[in-house]
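> Residue strings, one per chain:
Number of protein chains: 2
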Amino acid sequence: MTETPWSDGISFPAALEQAARMTDAALGKLLVVPPGLESRVYQAMRYSALAPGKRLRPFLVLASAHLFGVAHRCALQVAAAIEMVHAYSMIHDDLPAMDNSDLRRGRPTCHKQFDDATAILAGDGLLTTAFAGAAGAAGMVGGQMIDLIAEHQTLDIGAITRLQRMKTGALIAFACEAGAILAKAPHELRTALRGYAHDLGLAYQIADDLLDVEGSAAETGKPVGADIAAGKATFVSILGVTRARAQGELLVRQAMAHLDLFEQRAELLREAARFVITRRT
Amino acid sequence: MTETPWSDGISFPAALEQAARMTDAALGKLLVVPPGLESRVYQAMRYSALAPGKRLRPFLVLASAHLFGVAHRCALQVAAAIEMVHAYSMIHDDLPAMDNSDLRRGRPTCHKQFDDATAILAGDGLLTTAFAGAAGAAGMVGGQMIDLIAEHQTLDIGAITRLQRMKTGALIAFACEAGAILAKAPHELRTALRGYAHDLGLAYQIADDLLDVEGSAAETGKPVGADIAAGKATFVSILGVTRARAQGELLVRQAMAHLDLFEQRAELLREAARFVITRRT
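Here the protein sequences line up with chains W and G, keeping their order. Numbering-wise, the first sequence is residues 1 to 281 according to this note's numbering. Numbering-wise, the second sequence is residues 1 to 281 according to this note's numbering.
In case anyone wonders, no lab produced these hints; they're calculated from the structure. Treat the hints with caution; some may be incorrect.
Since the list gives no way to pick one copy over another, a pair counts as held whenever it fits inside one copy or between any two copies.
[What the hints assert, rightly or not] SDA-like cross-link-like pairs, simulated, lysine to any residue; straight-line CA separation at most 20 Å:
id: 1; residue 1: Lys54; residue 2: Glu263
id: 2; residue 1: Lys112; residue 2: Pro96
id: 3; residue 1: Lys29; residue 2: Phe275
id: 4; residue 1: Lys222; residue 2: Pro108
id: 5; residue 1: Lys222; residue 2: Ala185
id: 6; residue 1: Lys112; residue 2: Ser7
id: 7; residue 1: Lys54; residue 2: Asp260
id: 8; residue 1: Lys184; residue 2: Lys222
id: 9; residue 1: Lys29; residue 2: Arg190
id: 10; residue 1: Lys112; residue 2: Met98
id: 11; residue 1: Lys222; residue 2: Leu31
id: 12; residue 1: Lys184; residue 2: Thr281
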């Protein structure tokens, strides 16, 4: 596993790519397929957790940890754990009993590639392994992650859209704060990161809603217009495209303003905010 | 919540009943139904976790904690967490994609009473809340529970029977050891409890297999002959009724022998071993 921290002048695309490589290496080590009968569930866990993706949440963990000089090795455990929680929630949300989605990250969803039972178990396995990883890396982070997930498990079926949104925002927020938690950073710095994360999470969701309307399936790797077809309320269905985009851009500026007290050290996080609203996937 | 520890001469049935009452009270507090849209999933979590049952696993936690003088309040958190993990695994195992069971503890299974999506989410919620509870009560216990569950999530669909068995045994074993972990008990005492737990878990599974053949649905609250109908390999299908019962009784004697070094203090755990093989539900 590469443990080289980012060099000072590294570009955002290079840092994002390196974060993805390191996270995938960590995930690969955590999700070794055992020999024998158990292998199928592990294959499904790897299939979903290692599916092509931006690995934005792991990047946010590593970038916030970098801000406070936290060791990469420790932050990487938490980054991998957060990606596993993300993968778990996608697997269960895609199930026929839930959103019944066939396509995710340009590939068949877990239950289409394997079967419903394997997908249920793979999600359970990823959630549990994530807790083990985050709790092992730093008890404090493990505890806070558990609190976070517990709080957002409580969705009603009729409120799935609202919950998905809450989960997306909450997991992104936790990813941003994780570095500060690991570093036992002073209160005001942690609050600043939380403010950044809150605005970033909303901007991310707006961008998702815009991509559902304006994106292409080839780029996003999932069906376009799915939210509209399902009659889901989104930022775009409520605000319209123009106002939704303006709102997203405002949120990105707000997010960056929260980082002022970190001065130049937070440049990667600023770039991440710009990326979130301009991304095509 | 009643915090009265068991009096010294308390009978096993009375101690078991009190453990169940205390555990249910703790579960009730942990699983408060929030107002609004989220309430349905919480209702499903309560429906399954608070379904009528012996609460043997919580009893084992409280009895092993009692052995070392661990505070009831702390042990109770772990007892409730273990019952939630048990309930989570039952909910997901009963799903149509898995065992497709309609009846559990004499009532419709979670997905029959609610729906598949709610049952998936209720299981996820119970698993997560269990981690929060066990991690909150005592970080060490939380970490060990996570390791335990992570290890036994790795079942292949074709090996569900084997896994169920592993899960049953592993969760019972962890319940027995939890008191020793909470008390930071010396190595040899913990090893003794683990030996007891291992034999108890196997005896429990043999009794389950015997009840599937000889029990009545009215008593067990689930369909009789389900294992045979599903073509599952059980101790009874392999050994036959007579040898399976003899094996169960041997295991109970072995389990009790492991408790010798606790002398009279382990009397409740000895009674629990006798109960496991003679129970009718």
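> Confirm or reject each hint.
Evaluated hints:
Within a single copy, Lys54 and Glu263 get their C-alpha atoms no closer than 26 Å, and across copies no closer than 60 Å, so neither meets the 20 Å cut-off. Within a single copy, Lys112 and Pro96 get their C-alpha atoms as close as 10 Å, and across copies as close as 16 Å, so both meet the 20 Å cut-off. In this assembly of identical chains, Lys29 and Phe275 lie within 20 Å of each other by CA distance neither inside one copy nor across copies; the values are 29 Å within and 43 Å between. For a Cα distance limit of 20 Å, the shortest separation of Lys222 from Pro108 inside one copy, 9 Å, qualifies, whereas the shortest one across copies, 37 Å, does not.
For the identical chains of this complex, Lys222 and Ala185 are neighbours neither inside a copy (39 Å) nor across copies (53 Å), given an alpha-carbon limit of 20 Å. With identical chains, the CA atoms of Lys112 and Ser7 are never at most 20 Å apart, being 41 Å at best within one copy and 56 Å at best between copies. Taking the shortest Cα distances, Lys54 and Asp260 never come within 20 Å of each other, neither inside one copy (26 Å) nor across copies (58 Å). Proximity of Lys184 and Lys222 under a CA criterion of 20 Å is satisfied in neither setting, with 39 Å inside one chain copy and 51 Å between copies.
For the identical chains of this complex, Lys29 and Arg190 are neighbours neither inside a copy (30 Å) nor across copies (31 Å), given an alpha-carbon limit of 20 Å. When the C-alpha separation of Lys112 and Met98 is checked against a cutoff of 20 Å, the pair qualifies both within a copy, at 14 Å, and between copies, at 16 Å. In this assembly of identical chains, Lys222 and Leu31 lie within 20 Å of each other by CA distance neither inside one copy nor across copies; the values are 25 Å within and 36 Å between. Proximity of Lys184 to Thr281 under the C-alpha cut-off of 20 Å is found in neither arrangement, the shortest distances being 34 Å within a copy and 51 Å between copies.
Checked against the numbered hints above, the structure violates hints 1, 3, 5, 6, 7, 8, 9, 11, 12; every other hint is satisfied.
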